[in-house]
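Enquirer: Sequence lines, in order, name chains S and R. Residue 114 in the working numbering sits at position 114 of the first sequence, with consecutive numbering throughout. Residue 287 in the working numbering sits at position 287 of the second sequence, with consecutive numbering throughout.
Source of the hints: derived by calculation from the structure; they are not laboratory data. Just to be clear, a hint being listed does not mean it is correct.
Where chains are identical, the list cannot tell them apart; a pair therefore holds if satisfied intra-copy or between any two copies.
Straight-line distance between alpha carbons at most 30 angstroms, and here's what the computed DSSO-like set of lysine-lysine pairs gives [unchecked claim]:
#: 1; residue 1: Lys103; residue 2: Lys138
#: 2; residue 1: Lys247; residue 2: Lys103
#: 3; residue 1: Lys103; residue 2: Lys168
#: 4; residue 1: Lys20; residue 2: Lys168
#: 5; residue 1: Lys4; residue 2: Lys103
#: 6; residue 1: Lys4; residue 2: Lys45
#: 7; residue 1: Lys20; residue 2: Lys138
Number of protein chains: 2
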Amino acid sequence: MDLKEYLGNRSALVDQTLEKYLPAGDRMPQSLHQSMRYSVFAGGKRLRPILMIAACEAVGGSAQDVLHAACALEMIHTYSLVHDDLPAMDDDDFRRGRPTNHKVYGEATAILAGDALLTEAFRLLADAKANSGVSAEKALRVIEILARYAGSQGMVGGQVVDMESEGKEIDFPTLEYIHTHKTGALILASVQVGALLGGGDEEQFAALTRFGGAAGLAFQIADDILDVVGEQADLGKDVGSDQERGKATYPALLGVSDARIRAGELCVIAVEALAPLGDKAATLQSLARYIIDRSS
Amino acid sequence: MDLKEYLGNRSALVDQTLEKYLPAGDRMPQSLHQSMRYSVFAGGKRLRPILMIAACEAVGGSAQDVLHAACALEMIHTYSLVHDDLPAMDDDDFRRGRPTNHKVYGEATAILAGDALLTEAFRLLADAKANSGVSAEKALRVIEILARYAGSQGMVGGQVVDMESEGKEIDFPTLEYIHTHKTGALILASVQVGALLGGGDEEQFAALTRFGGAAGLAFQIADDILDVVGEQADLGKDVGSDQERGKATYPALLGVSDARIRAGELCVIAVEALAPLGDKAATLQSLARYIIDRSS
Numbered sequence: 001m002d003l004k005e006y007l008g009n010r011s012a013l014v015d016q017t018l019e020k021y022l023p024a025g026d027r028m029p030q031s032l033h034q035s036m037r038y039s040v041f042a043g044g045k046r047l048r049p050i051l052m053i054a055a056c057e058a059v060g061g062s063a064q065d066v067l068h069a070a071c072a073l074e075m076i077h078t079y080s081l082v083h084d085d086l087p088a089m090d091d092d093d094f095r096r097g098r099p100t101n102h103k104v105y106g107e108a109t110a111i112l113a114g115d116a117l118l119t120e121a122f123r124l125l126a127d128a129k130a131n132s133g134v135s136a137e138k139a140l141r142v143i144e145i146l147a148r149y150a151g152s153q154g155m156v157g158g159q160v161v162d163m164e165s166e167g168k169e170i171d172f173p174t175l176e177y178i179h180t181h182k183t184g185a186l187i188l189a190s191v192q193v194g195a196l197l198g199g200g201d202e203e204q205f206a207a208l209t210r211f212g213g214a215a216g217l218a219f220q221i222a223d224d225i226l227d228v229v230g231e232q233a234d235l236g237k238d239v240g241s242d243q244e245r246g247k248a249t250y251p252a253l254l255g256v257s258d259a260r261i262r263a264g265e266l267c268v269i270a271v272e273a274l275a276p277l278g279d280k281a282a283t284l285q286s287l288a289r290y291i292i293d294r295s296s
Numbered sequence: 001m002d003l004k005e006y007l008g009n010r011s012a013l014v015d016q017t018l019e020k021y022l023p024a025g026d027r028m029p030q031s032l033h034q035s036m037r038y039s040v041f042a043g044g045k046r047l048r049p050i051l052m053i054a055a056c057e058a059v060g061g062s063a064q065d066v067l068h069a070a071c072a073l074e075m076i077h078t079y080s081l082v083h084d085d086l087p088a089m090d091d092d093d094f095r096r097g098r099p100t101n102h103k104v105y106g107e108a109t110a111i112l113a114g115d116a117l118l119t120e121a122f123r124l125l126a127d128a129k130a131n132s133g134v135s136a137e138k139a140l141r142v143i144e145i146l147a148r149y150a151g152s153q154g155m156v157g158g159q160v161v162d163m164e165s166e167g168k169e170i171d172f173p174t175l176e177y178i179h180t181h182k183t184g185a186l187i188l189a190s191v192q193v194g195a196l197l198g199g200g201d202e203e204q205f206a207a208l209t210r211f212g213g214a215a216g217l218a219f220q221i222a223d224d225i226l227d228v229v230g231e232q233a234d235l236g237k238d239v240g241s242d243q244e245r246g247k248a249t250y251p252a253l254l255g256v257s258d259a260r261i262r263a264g265e266l267c268v269i270a271v272e273a274l275a276p277l278g279d280k281a282a283t284l285q286s287l288a289r290y291i292i293d294r295s296s
């Protein structure tokens, strides 16, 4: 399996499906739907949806089984970026080299576009046609998982603590809280939903949960290292912006070298967690390594 | 049936259940959970949850059948108010006589508290324990209805058009779009969900849909009239604030007298729609009249 080809193929599939599920840009209110689409189709790598698809395939399912949930997850991820970029939050003018949503559509529409993306994600997850072949019990469980990991005790909780920690000395448990919640939670959710909708059993679900926990944390550490050592082109935002803001990061607390070691350890834990899945987890293994290698 | 007693009793029930379902204020991140609770327990009349309960009772169900969904609906309504009050939106410092969420917790936390309330609403709607006795198929349909009416083609869509129409001359169809979406959508959703979870049949669902459409529009017209003629104490915000902002309203387009006539007509339509439900709809009839009478 060629990972680059896999990433290209699966992200194209996610893009096509997002195109189908998002309300058209000429539907009223047009500014809102265009604003939603602007940020969803802003060149994201679709990492979370691809992890969901790979987890689904690792338990014997196919991409088709999770595509609607993968799109819902990407809508949730996108809404979080739109709100995160707002002047009252990170106040970013650019993301992935393009002006941020509120710079193009104005703050009010950006807030509402984020709200609408989050709401549309849950509408899609409950949509009878999108769920064809999925039992209602399972569809409900998927909604519960995504809402739990996206909410006040998941991603949003991590955002709040991250924001409150800016410019402060924080301890290791707080840093770990921020990382496991702000970024880790949705990554964990992605592989859990993949396991569920792919028809995985409890052992496989548990294995992917361990994988997702370690991979999610490794991903955030790698991202923080990139912010220190990366090229602006790789990052799509200014290098060193975390440090400038006094953001709590692994490199800031441990130094780049020890942060790299920690990311490597987590990668090993993630890969080892996949053992019960056998050969079918080869893609997930490659994905875990790819996540870390970006930063080394 | 004494309507005042009914409103007091049912809103107390909703408050108790919200207390149970909302994450505690001492749970991490505390500022986020306190901010969510601040706005949920800000003295709202719980009109939407009470309409849901009354619709449920009108088809032979009991309040217990819909309490979790009623709380989820109130969380969605509350999130919309928190975001609506933000400086980038209506920029309100007070709501119901208390400082708005962002004045107390700051803009960033207010944005995230709104996000978390919306997410928590869907978590609750998918929660297995909260749904005990409800089939998974029905629970999914409830989620689909609430997400549809709250999203880009429902409430959020109405907000966007409302915002874009400020200070502009708008035509009647645009005004009706704003009202049926911004306020009407969640009121319609409340009675549809009540009908579903109360075990209503298709005829009853259709009757309550007609009722909700008319009552929702009447409610917004009454609100707009109150903004012109009401006492500040009744309104919880400044009288005349709509006019000051150049908001699109029925009184602005038709005059107060014709707007009252229109609200009265809609009330008759709403009450007549309840005919198939017989005596059990007496409370809903009173609620519809109560909605209009506030403004006359």
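Enquirer: State for each hint whether it applies.
Expert: Hint check results:
no.: 1; hint: Lys103 - Lys138; verdict: neither (39 angstroms within a copy, 41 angstroms between copies)
no.: 2; hint: Lys247 - Lys103; verdict: both (23 angstroms within a copy, 25 angstroms between copies)
no.: 3; hint: Lys103 - Lys168; verdict: both (29 angstroms within a copy, 23 angstroms between copies)
no.: 4; hint: Lys20 - Lys168; verdict: neither (44 angstroms within a copy, 34 angstroms between copies)
no.: 5; hint: Lys4 - Lys103; verdict: neither (33 angstroms within a copy, 48 angstroms between copies)
no.: 6; hint: Lys4 - Lys45; verdict: within (12 angstroms within a copy, 56 angstroms between copies)
no.: 7; hint: Lys20 - Lys138; verdict: both (23 angstroms within a copy, 26 angstroms between copies)
Comparing the model with each earlier hint shows violations of hints 1, 4, 5; every other hint is respected.
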